[in-house]
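Residue numbers (this note's numbering), protein chains in the order written: chain D, 1 to 408; chain S, 1001 to 1515; chain L, 2001 to 2559.
Please note: incorrect hints may appear among the correct ones.
[Said to hold, decoys possible] Only pairs whose alpha carbons sit at most 27 Å apart, straight line, appear in this in silico BS3-like list of lysine-lysine:
hint: 1; chain 1: L; residue 1: K2456; chain 2: S; residue 2: K1479
hint: 2; chain 1: L; residue 1: K2551; chain 2: S; residue 2: K1014
hint: 3; chain 1: L; residue 1: K2107; chain 2: L; residue 2: K2266
hint: 4; chain 1: L; residue 1: K2556; chain 2: S; residue 2: K1014
hint: 5; chain 1: S; residue 1: K1422; chain 2: D; residue 2: K402
hint: 6; chain 1: D; residue 1: K402; chain 2: S; residue 2: K1014
hint: 7; chain 1: S; residue 1: K1184; chain 2: S; residue 2: K1068
hint: 8; chain 1: S; residue 1: K1018; chain 2: L; residue 2: K2556
hint: 9; chain 1: L; residue 1: K2441; chain 2: D; residue 2: K402
hint: 10; chain 1: L; residue 1: K2354; chain 2: L; residue 2: K2313
hint: 11; chain 1: L; residue 1: K2441; chain 2: L; residue 2: K2107
hint: 12; chain 1: L; residue 1: K2399; chain 2: L; residue 2: K2441
hint: 13; chain 1: L; residue 1: K2456; chain 2: S; residue 2: K1018
hint: 14; chain 1: S; residue 1: K1422; chain 2: S; residue 2: K1409
hint: 15; chain 1: L; residue 1: K2399; chain 2: D; residue 2: K44
hint: 16; chain 1: L; residue 1: K2354; chain 2: L; residue 2: K2456
hint: 17; chain 1: S; residue 1: K1018; chain 2: S; residue 2: K1068
hint: 18; chain 1: L; residue 1: K2354; chain 2: L; residue 2: K2107
hint: 19; chain 1: S; residue 1: K1068; chain 2: S; residue 2: K1479
hint: 20; chain 1: S; residue 1: K1422; chain 2: S; residue 2: K1184
hint: 21; chain 1: D; residue 1: K402; chain 2: L; residue 2: K2551
[What the hints assert, rightly or not] Reference listing, derived: stretches of chain D covered by chain S, where coverage requires no fewer than 3 residues with Cβ under 8 Å from a Cβ of chain S:
hint: 22; stretch: 110-123
hint: 23; stretch: 280-292
[What the hints assert, rightly or not] Covered by chain L, according to a simulated footprint, are these stretches of chain D (three or more residues, beta-carbon under 8 Å):
hint: 24; stretch: 189-199
hint: 25; stretch: 350-361
Source of the hints: derived by calculation from the structure; they are not laboratory data.
Idealized CB from N, CA, C, for every residue including glycine.
Chain by chain, the residues:
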Amino acid sequence: MESSSFLLLMSCRLLLAFTPIPLTNDLQRDHQLSSPLTSYSRLKEGLWFYQHDVDPYAGGVFRHSPLLLSLFSAVLPPVPVVWALSDMVGAWALVRIWRARQRVNKGPSSRDSLVAAAYLLNPYLLLPSLALSTSTFENAFVLLALMLASDGRRSPALLALAFSTHLSVSTFLLVLPVLMLLVTSSVSQLASPHPFTGSTWTAYQYAGEFAAYWLVLFGAASVMAGSGWGWVHETWGASLTLPDLTPNPGLWWYFFTEMFDHFRPFFLMVFSVHLVIYILPICIKFQHDALYASFLLVGILGIFKAYLSLADPGLFLSMFVLFPEVYPYLRYPIVTTLLHTHASLLLPIFHALWVTEGRGNANFYYAASLVMGVAGGAGVVDACFAGLRIAMGDIAQGERGKWEVVQE
Amino acid sequence: MNHPVPTTTNHGLKEPQKLCFETARTRRLVLGSYWTIIILAFPFWWNLTSIERIALPSYRVRAQLDRKPVFPVSVRLDASSFQGSAPTLGRALHEILAQTAQASPRWRNLDIQVGVSEHAGDQSEGPNVYSVVLGNHTAVRHPRQVVVSQEDASSTLRLGNILSSLLAPEVTSMQAQRIAQYAKRYRLAFTLLNENAASPHLVNSWDIQTALAGKFFRFIYHVFPIISRLDVLHNFTVESQVQYHAPLAFEPLQFAVANNTLHGLTPEDLTVFINSAEWTLSSSVSNDPVLHFVLFIPSPAQQPLHILDAHGLPTRQNAFLLPQWGGIFILNRHARAATMTHLTAADLVPVFSAFANQLSALLGVPPLPDGMMSEESSLLSDWQLDALLRYRTSENMLGSQQTLYSIIKLVDQIENMPVDQKVRGDVHDALTALGEAYRSAMGSPATALRWSSEALSLASHAFFNPGMLALLYFPAEHKYAVYTPLFASVSVPLIVALGREVYGWRRERQVVRSG
Amino acid sequence: MGRKTAAFVLSLFVAPVISSTSNSSDSKPRFSIAGERYHEDLIIQPLRDGRVISTFTFTTLLEGVSPRDPWELETPAQHYTLFPLTLGQILREYSITELHLSLNAGKWNYDNWGYPEDPSVSTGAELWAWMADGGPMSIDERWTSLRNALAGLFCASLGSLDSRRTSSPYSAFPLSSVSSLKISFQYALRHATLPSEHVCTENLTPFLKLLPCKSHTGLARLLNPQRLFDADWHGLGVHVLSTDRGLELRLGVQAVLDPVRESGGKRRDWSFQSLFDRSIDAACPVSSRSTARVVIPDDDGYRLSPELLLGDKSMAIYDLTSQVPLDISMLWPNEHPFPFPPTHTGPLAPLSIKRALHGFSQTHGVLSVALSNNEYGDITIGYLETLPALVTLWMHTIKAEVRGTQRDDLISDISYHPSLLQSNGRYGPSVLQVRLTVPAKSALRLSIDITKTFLKYTEHPPDAMRGWDLPPAVLFPVLIDGPVKYMVNDSFVDGIGTRDRHRTIPHRMYTPTLLVDLPTPDFSMPYNVIILSCTLVTLIFGSIFNLLTRKWAIVKVEE
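Generate the whole structure from the sequences, applying the supplied hints.
Rendered as structure tokens:
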């Protein structure tokens, strides 16, 4: 079945959960690896509140979904092995997506281990997972939803999607491409685009089913949270109103730290609408390949999400492995790679200089987060370009250098 | 710039025009979806950045400016007293009274009618009816009646003067300056100040409650009776305290008269008499204005302390009034009484009658004309009270008109000033109260005063609404600096693409039509 | 449990007092003013390290007066003779049942100075008030107005004791007397501290004006601001209590003066003249009792002057009414120089407290409190921590250690209220209250992780780099053999529980305050950030927009 290297990777990840890692506390507190919405210490605090009869959603400390609260208070303790398992599920899902895209139904494919490694060994994903950030679960659910949708398993896919929107409200961006993926095929159509073939009516029905799952989960979460609708404001509302200004590699926190009070609500609206504005254009342009559309939207989230952690661009980068066909058409992969390297070096250094050492100031870290934004932007723009450019194919052998494909 | 070339050449590429995502329809859908989201966001933009400015009823406020209240006053000459001369006397009096009222800016709103009545003193005719009867001496009498002696009644001019000084008492500008600004509620703060507690002259307590009421004695000029008579105009709260160390901020003048050393306060000293750094005379616990009444007992070294006139000579006065602030009484203890540590109500009679006088002056109670007596049991005659009511009413109405107009002007001038529902509500209510005041001025002066004071307090409440200050200093340039970086650069590609698409679409249609 | 529900019904033995303001002037000895009494007292306590604690207490009693019923609307005339009108009006206007205001500078050293006479020794300003609920004004409105009125009266920045600092820790700050209260009311507590407030002359001047004799005669004559504010520790206290006898106002001044420092480290002799640069010339004529008391030190060799008339071995008492002018002095003629410290004995208080913030990062830290029990029996106390929202406590990290071993069993009755969003858009303080048992002759170390909040740039004060003061934690007596509950002051004397082996502390104790520095943004950046961030957003948005909307074309590359 699975290749031995794939199994080796998986077991290494599992082993890592039981290995004592130095500086665990520092990892858990690191602002790059987990945001206030995903931080492990906040999860533990919420559990403490829950066990001591204090409303977990009071005081702006706990911003996780009630689903996680009930999972870790009733079913499992929050131990590292859960994160390892979640990573393994994510890696497995990514491999299955890859296979579905390549129409490999049975037997290991040669790229399996590479795909799994792209997920398990991606430092942007591994470190948050070691920091026990709940973004690991969010990513696993996104991949699970995409995998199930690629396999055409409607109800599980929609349920996984509902879970992932519950854990992180910004995943709503992916609802439309996942629905499209369900009614079309996951096989790469980038090179031979064709108009949307799926049945719109079926998509509507699926949307209805998704809404039903979502509402059931919403009801369940409200029951678990216990105290009315307060949790909605604390969890999802936080992505819209940004009450906690803890630094992260994203663009929101410093912008709203420095924003004038009068314009704050307006710009919060602009930043949220800005995320939404990408859904329709990308889905329309990439109607022939919904998986690629979801990939691009994951990339958008990895730049512009309200509470960004490295796990968000990490998912986008890992998903690159699914689309080897576009590699030849990337314009500046080296630049993007260098930008990411640059950003991932600058972020921890400037963060330490400002917050830990107290020698730098906030602008240092802001500059690093801008570099991160440029890196993310370069990746998404290039992926978008390559995804369209591939449709035109290659220039004939003898004509190289005489022709160029451009946009007017 | 390179131009697309005909695709006949064999370069091995697929023709972009034939790709499904390159159709005009897809492109327009993409562009349309961008614009749809933006247009959908516009209401949010409006909602989140606009300043709440509710329209104020400025037309009504401007219309109010020219309105003046009219106080009808009807004087009835007693037919049985004046016999046949009454009608002619009435006409002459009407002329005199109308002239004096017109001449005084304060009483211009009076509409005085003089008539003859068979039943003088009949109050059934209304609250603004005053009667004149003949009697042995000139005096005012309850209800709203003046008795005129034969002598005073003999001259029309004299009678006219008596009536006009009752109905429209002239107030000198100095008296007018003393009058405290109108307030619904005053706090009367009585303070006993010992200049030096270490002295044997120390007075450690006073019988203030009895002294205020003045109920032990037949002296009528005491504080509580005045307060209770004025309660149609104001509410009063009374408080008192004793202070044992209240030094003056200056050294009084010392001089000798007939082997006695006297101390004196010059008129300049009086203006700086209050040592507000050392004396805590009242707390700031409420916003009601305070009228202070200070009984000052000089230290033995400074006794006796006299008030000097402009020439530096001691006067017999031992009380003085600080305009709009309150009154001060200087109590020099006689050697006999010096060992007493308690001031009884009897000791306080001169003090509190002085305080009562000062209170009347501060509140603008018009004095009775010289030589006029009062037959009434109460301290203030109906004539005085009515004149005060009319004066305060027109003052309040003018004040609220001006305040409302200021609000309108301010809101017009400053475009960023937020105006919320509360301000609008207050302005509306003030206008309504003002209207009611105009209406009731025709009838009862007391009702008119209540409405006018309501209008004034609502108008000032609206004027001082803290919400209106919120964005006072918020320049427009600031807005551009905040909006431009994002919106200028985002809108350029959006608009250019839209323009190009519209242009392309129109050309297509032309081609279709011509083809 | 929210602040609203902190009000509770007093179901205890309550005898309502009917207000009767003016008694007829019955003659009392020496001095009598109908319905009002005033007396003053000074305690001077020389310490073993040569310092001198002087505690002034000025008490005015308004006999037979009970706090205003909050439902009572019309305001009757108020006549005061000895009681300060300005304060009386405030108490009446907001119907305050009990009020405590203290303005202190310095850190009270319990180990060397023992318990203070007035337990309110919190650094900075502390204000707490009990109010009967009801009437047209809500408790919070009255609290706000009370703060503003007192701020005006004492020239202190009490206005900043707003909802961000206000809590209702009624176990630690109980009502002093329940017997004078009306059973029909619910009483509510509001408490706030402002550790950064600095007490100075501008607070003392209005304070002295509340005294009938101001600082002209009587004990208050000694309150020389220059000497007082030079002391190692000094504080002003205003306490209003409703007792069975009436409304009692206690104005207090405490100061820890150091004659050894004055003398250049040579002598510990002191006198009124040397301590305050003044002596008492005359008694306050309206005071019914004026005493100055000196606590006799344990060691011999001192000489007290004037000669002792009253008192016993532990206390010398001087009556100002018969002994003016008065300048008490205490000399140690045989000490050349003062042996500092004379003998080393243990701490004077049963508990020694240390509180610190560990961790060098600007975001994380550990709040650690070390409580050393100096007694031979376990001590159980309540511990109250009220932190403004700029610091977040991580309750799941709370732990107690004794001699390096974790002893979480010593923590009980944890009650934690996270900081809540108030209606005015601000976060209230988080309040942690636990019951701690400190084992005999050992040190308990309580530690909790904290993080510091990142604030908007508009929320930082102008001197953002100075840092923020955290209020002191409070240790308070608890009922032993029972959960932390409401209790009456002073009813916890030693050994209520099981004999001497298990006790609590007699009075509240305050820990030192802390300073936290928050990470700051760059205050000059708003426009730069708007431009840079927006440019990046536009760049990415524009690139993707162009990719999606522009036509593709194949062009021939010109040579």
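**Item:** Numbers of unmet hints, in rising order
**Value:** As far as the earlier hints go, 5, 9, 10, 13, 16, 17, 19, 22 and 24 are violated by this structure, in ascending order.
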